[in-house]
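Protein sequence lines correspond, in order, to chains U and D. For the first sequence, position 10 matches number 10 in this note's numbering, and the numbering has no gaps at all. For the second sequence, position 61 matches number 1061 in this note's numbering, and the numbering has no gaps at all.
Certain hints may be false.
Calculated lysine-lysine pairs in the PhoX-like style (CA-CA distance at most 20 Å, straight line) [claimed, not checked]:
| # | chain 1 | residue 1 | chain 2 | residue 2 |
| --- | --- | --- | --- | --- |
| 1 | D | Lys1042 | U | Lys11 |
| 2 | U | Lys44 | D | Lys1042 |
| 3 | U | Lys83 | U | Lys62 |
| 4 | D | Lys1106 | U | Lys44 |
No lab work stands behind these hints: they were computed from the structure. Note that the structure is predicted; figures quoted are calculated from it, not measured.
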Amino acid sequence: EAGVAQSPRYKIIEKRQSVAFWCNPISGHATLYWYQQILGQGPKLLIQFQNNGVVDDSQLPKDRFSAERLKGVDSTLKIQPAKLEDSAVYLCASSLGHLSTDTQYFGPGTRLTVL
Amino acid sequence: GENVEQHPSTLSVQEGDSAVIKCTYSDSASNYFPWYKQELGKRPQLIIDIRSNVGEKKDQRIAVTLNKTAKHFSLHITETQPEDSAVYFCAARDSNYQLIWGAGTKLIIKP
């Protein structure tokens, strides 16, 4: 069974530039999550999708971050413009259903460095 | 909202000894508590979880205990091995059905 795929694996940009991350969840998984993990901290949920609808985006900085999940499969997370404090690993995860007791499977992450 | 605290932040144990990591939570309505292991540069992976209707769960060398009254849960690793070295995260599902994560414990297994 293929796991959660993410690209790119690494990205270096300058502040005020834009960046986009892509995620392909496990086939058949209805729920998709984007997390931000700052070095030395636990993952912080940015946004959760159930199919192509947003379940929770309360911690997404909407002035600069946006995300979409077209057709309820792949998802993209965009930052525009980036700030220094956005440097982190961005993890995508998926689960079979919408219950948070469903196991979340993580992708390898995208390490973003903002200079 | 839910707050999850995890201790210690770093734990160093001799190979073969046991390791215990503790977490406390604040939302008494929380009812699901997973533990994730994250090796350096890799993704978090679920290693064990427990629901609030049980007090203990074991899987080979790993066990988790839950004390609902005190609102704390712990991860126990026995007979530690070098490959157990990683960062371990606890999490709790809050009353908004979201997973709230602890800050992580770096486990170091000394040969």
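Going through the hints against the structure:
1. Lys1042/D <-> Lys11/U: Judged against 20 Å, a Cα distance of about 16 Å means the pair holds.
2. Lys44/U <-> Lys1042/D: At roughly 16 Å apart (the allowed maximum being 20 Å), Lys1042/D and Lys44/U satisfy the hint.
3. Lys83/U <-> Lys62/U: Between Lys83/U and Lys62/U the Cα gap is close to 14 Å, so the pair holds against 20 Å.
4. Lys1106/D <-> Lys44/U: 18 Å, holds
Violated hints are absent here; each numbered hint is respected by the structure.
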